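> For the sequence shown, the positions run -17 to -1, 1 to 192 when mature numbering (1 follows the signal peptide of the UniProt record, and there is no 0) is used.
Just so you know, not all the hints are guaranteed correct.
[What the hints assert, rightly or not] The list that follows gives simulated cross-link-like pairs (lysine-lysine, BS3-like), each with its CA atoms no further than 25 Å apart:
| # | residue 1 | residue 2 |
| --- | --- | --- |
| 1 | Lys72 | Lys178 |
| 2 | Lys104 | Lys155 |
| 3 | Lys72 | Lys89 |
| 4 | Lys178 | Lys155 |
| 5 | Lys89 | Lys166 |
No wet-lab data here; the hints were simulated from the structure. Since the model is a prediction, treat every value here as computed from it, not as a measurement.
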Amino acid sequence: MKYWMMVWLVLATSAVAAPRSQGTPGEFDFYVLSLSWSPTFCLTHPDNEQCSGKGYGFVLHGLWPQYARGGWPASCSAQSQLSREEIEKGAALFPTRSLLRHEWAKHGTCSGLEPLAYLEKTDEALGVVTIPQQLQPFNTPPSLQAREIEALFRESNPRMGNHGLAVICKGKVLSEVRVCLTKDLAFAGCPRSVKTQCRDGDIRIPAQR
């Protein structure tokens, strides 16, 4: 009995410690465009350059290749350094250069695109999604329900469909929205792996600073 218990513990520990498969660049099924609610991030990172009184609302977190069956490829290339030109391009999209570098290394390298092409794709994806007027900086209510946030995005993006995004919370505070897009950046229905993660009832929407 003790022997089999030891075997089970070794196997369980190995499974937990096993690294995620890197995946093959370009081999994925759809994108998630992740938009973070900056004031929530700044509650716990007040000294971050993103939080220096810039008045951000939703900001780009990243454009993430995803698998339809669930999960995603990550860190597909060890050669993930960006050139000065690429950093300048990305700095116009991401709130910080450190986030840009992180997102390219973890997600962009799995897109199958060169850095500039991936950044252009990300810029195009941002242009596809219209942020609701009610969720623009300095115009937000103090709280909404997750389903109300979903409805506002669908109203502002009529082609999105009923299952085209997920609202993510930290506790009862809005953290981000994730929009599902095809590889050609058309709105797509999100699979079960991309779903709203908020408690029932009102969720707080921190004000911009």
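> Would you check the hint for Lys104 and Lys155, treating anything up to 25 Å between C-alpha atoms as holding?
32 Å, violated
> Check whether the Cα positions of Lys89 and Lys166 lie no farther apart than 25 Å.
Distance of about 18 Å is within 25 Å: holds.
> Given the hint that Lys72 pairs with Lys89, does the C-alpha gap stay at or below 25 Å?
18 Å, holds
> Holds or violated: Lys178 with Lys155, Cα cutoff 25 Å?
Status holds; Cα separation ~16 Å.
> Run the distance test for Lys72 versus Lys178: straight-line Cα separation, threshold 25 Å.
31 Å, violated
Comparing the model with each earlier hint shows violations of hints 1 and 2; every other hint is respected.
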